[in-house]
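Asker: Protein chains in written order, with this note's numbering: chain A, 1 to 253; chain B, 1 to 318.
Since the hints were derived computationally from the structure, they do not count as laboratory data.
As the structure is a computational prediction, the values presented were derived from the model and not from experiment.
The C-beta atom is built at its ideal place from N, Cα and C for all residues, glycine as well.
A hint or two may mislead.
[As the list claims (entries may be wrong)] The calculated label-pair distances, taken between Cβ atoms and stated as ranges, are:
| hint | chain 1 | residue 1 | chain 2 | residue 2 | range |
| --- | --- | --- | --- | --- | --- |
| 1 | B | F170 | A | T5 | 17 to 25 Å |
| 2 | A | T5 | B | I131 | 58 to 66 Å |
| 3 | B | P135 | A | Q85 | 35 to 43 Å |
| 4 | B | R105 | A | G14 | 35 to 43 Å |
| 5 | B | M227 | A | R150 | 30 to 38 Å |
| 6 | B | L95 | A | Q126 | 31 to 39 Å |
| 7 | A | L189 | B | Y108 | 40 to 48 Å |
| 8 | B | R302 | A | R216 | 27 to 35 Å |
| 9 | A | G14 | B | V293 | 54 to 62 Å |
| 10 | A | K108 | B | A13 | 33 to 41 Å |
| 11 | B | I119 | A | D192 | 58 to 66 Å |
| 12 | A | G120 | B | I14 | 49 to 57 Å |
| 13 | A | Q126 | B | R105 | 33 to 41 Å |
| 14 | A | L189 | B | L268 | 51 to 59 Å |
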Amino acid sequence: MSLLTLKSLSKSFGGLAAVNDVSFDVGEGSIIGLIGPNGAGKTTVFNLITGNHRPDVGEIIFNGINITGMPTHRIVSLGIGRTFQTIRLFQNLTVLENVLAGRHARMKSGATGAMLRTPGQKREEQDALARALRELSFVGLHEQANQLARNLSYGNQRLLEIARALATEPRLVILDEPASGMNEQETTLLIDLIRKIRDRMITILLIEHDMSLVMRACERIVVLEYGSKIAEGPPSVIKEDPKVIEAYLGTGD
Amino acid sequence: MNYRFLTYGVVAAILAVAPLFLNAYWVDVLNMIGIYAILALSLNLIVGHAGLFNLGHAAFYAVGAYTAAILNTKFGIPILWLLPASAIAAGLFALIIARPIIHLRGDYLCIATIGAGEIVRIALINDIFGITGGPNGIFGIARPVFFDFVIRRPQDFYYFIWLFVAVTIFFFRRLENSRFGRALNYLREDEVAAEGSGINTTHYKLGCFVLGAAWAGMAGDIFAAKMTIIAPESFNFWESVVMFAIVILGGSGSIPGVLLGSFLFIGLPEVFRDFADARMMIFGLAMIIMMIVRTQGILPQRPRTYPVEIAEKAGVSG
């Protein structure tokens with residue numbers, strides 16, 4: 001069953017077509033990779049799904065709901081979590097508070113509840129704390145809960161972004177180049193983590209530059225070049241596709 | 001933690017007995033410190049926690065003061081009963097002002113708030129709707145009456161004002177350590193990441209403006225009751241600058257910092273009154289040096305701590 005459907009999305013910036021008539025489906029419970037050379041429009045597709053940009057043409061259907069042009073926070077509350085290509089943590093807050101940010105969408109109490117510290121608000125805070133700690137344990141950052149986010153290593157900051165996205169209780173997680181800046185060993189652990197996320201029945205859409213990671217982790221791959229989709233299929237097929245090889249390596253002539 | 005608790009206790013005890021040892025002049029200085037503390041704490045939500053530059057906070061202070069003054073002098077409603085009215089008027093006014101400018105970033109928002117502050121001041125001077133009394137303002141505002149007790153002398157006001165400061169601290173501490181308070185910090189740290197984590201950033205920007213303004217409006221009510229006469233000059237641009245400087249110098253996002261900032265900013269010029277003009281120059285110099293050597297303020301915001309161990313036992317296993 002398809003959880004996310006992109007229908008002929010197009011988006012241009014000042015006359016330059018960043019994304020041109022892109023359509024694909026993301027099946028529930030799958031791991032899908034979105035690859036392409038630099039400037040192929042991968043991140044723009046991401047930003048269209050997460051509501052950071054509004055498509056010029058096309059529709060995005062998530063879980064049967066048309067989310068085209070919805071504000072980002074609404075899309076998050078419907079069940080799409082994301083990480084950022086350039087790490088965007090709340091650097092001066094603690095690791096735990098960064099994950100609590102993800103819990104926000106699943107909480108209700110407002111300023112009045114906080115000032116009066118109602119029983120409901122207290123329960124909600126305790127629950128949020130417990131669930132945030134659980135997500136930290138899940139990515140293995142449990143020990144660092146009370147450190148400031150900026151004091152984490154680069155690889156751990158990437159893991160923290162994933163924990164924050166998971167804390168929103170997503171049905172789909174979009175990871176934007178999660179392995180960039182990671183060494184080989186960290187990348188291998190990341191692949192394990194991605195599979196563990198999928199085992200929780202969370203669907204994963206992965207943008208990645210690192211071909212080895214995509215080939216090892218993904219079940220299906222969508223290839224973009226110059227904003228258009230040039231190929232789609234399982235890794236074994238994509239690897240042999242002449243158009244993909246050409247896009248990555250260039251032609252001989 | 002215990003050390004901090006002790007500091008608070010000692011400061012509170014000193015403040016509780018202070019009027020017994022001070023003359024009326026110095027009690028009045030402490031009263032002004034208290035009013036500025038309320039104003040700066042309310043501005044701290046906007047500037048310190050959410051990181052939104054607001055240099056027009058005096059406008060909300062003015063709306064609260066004039067609401068109380070007008071309703072009291074025209075209809076004889078007791079000034080204490082008007083606390084909620086001042087809060088609502090200032091909060092609504094903030095909603096109207098902030099709505100169209102809230103999406104502006106940093107410096108642009110700052111300029112827009114200065115404009116809003118000036119509009120209010122000039123409207124008051126020009127006797128808008130014929131109810132603000134023009135440049136002379138409004139006089140004959142009644143004293144607050146608490147059951148049968150009339151709050152009149154500086155000592156009476158002292159306890160009234162500092163009780164309000166205490167209530168403000170009590171509520172704002174809770175607010176800081178909540179979903180609301182955290183959301184403001186997230187949007188200060190990184191607005192895109194906050195929105196991407198599921199936080200309705202526009203809602204929280206407006207929320208902190210409205211709440212901060214409502215609290216400043218109540219400070220306005222207290223100020224009107226204390227002075228019995230209010231005029232536009234009490235709400236000029238310099239007032240906004242003072243509140244802003246208290247927050248930044250004291251420590252953005254830090255209640256102890258903002259309190260200390262109020263004492264230093266309002267109290268020190270009084271202590272050094274004998275030095276006449278030189279005091280403002282030294283004061284200005286001190287501000288510049290402070291910003292160079294301690295950018296985050298005298299007492300910066302501390303990271304929140306959570307009962308991790310307790311939560312683990314209760315939650316992680318389940």
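Asker: Now tell me if each hint is right for this structure.
Answerer: The hints, checked one at a time:
{"no.": "1", "hint": "B:F170 / A:T5: 17 to 25 Å", "result": "violated (51 Å)"}
{"no.": "2", "hint": "A:T5 / B:I131: 58 to 66 Å", "result": "holds (59 Å)"}
{"no.": "3", "hint": "B:P135 / A:Q85: 35 to 43 Å", "result": "violated (57 Å)"}
{"no.": "4", "hint": "B:R105 / A:G14: 35 to 43 Å", "result": "violated (21 Å)"}
{"no.": "5", "hint": "B:M227 / A:R150: 30 to 38 Å", "result": "violated (47 Å)"}
{"no.": "6", "hint": "B:L95 / A:Q126: 31 to 39 Å", "result": "holds (32 Å)"}
{"no.": "7", "hint": "A:L189 / B:Y108: 40 to 48 Å", "result": "holds (44 Å)"}
{"no.": "8", "hint": "B:R302 / A:R216: 27 to 35 Å", "result": "violated (44 Å)"}
{"no.": "9", "hint": "A:G14 / B:V293: 54 to 62 Å", "result": "violated (45 Å)"}
{"no.": "10", "hint": "A:K108 / B:A13: 33 to 41 Å", "result": "holds (39 Å)"}
{"no.": "11", "hint": "B:I119 / A:D192: 58 to 66 Å", "result": "holds (60 Å)"}
{"no.": "12", "hint": "A:G120 / B:I14: 49 to 57 Å", "result": "violated (38 Å)"}
{"no.": "13", "hint": "A:Q126 / B:R105: 33 to 41 Å", "result": "holds (36 Å)"}
{"no.": "14", "hint": "A:L189 / B:L268: 51 to 59 Å", "result": "holds (56 Å)"}
The structure shown violates the earlier hints numbered 1, 3, 4, 5, 8, 9, 12.
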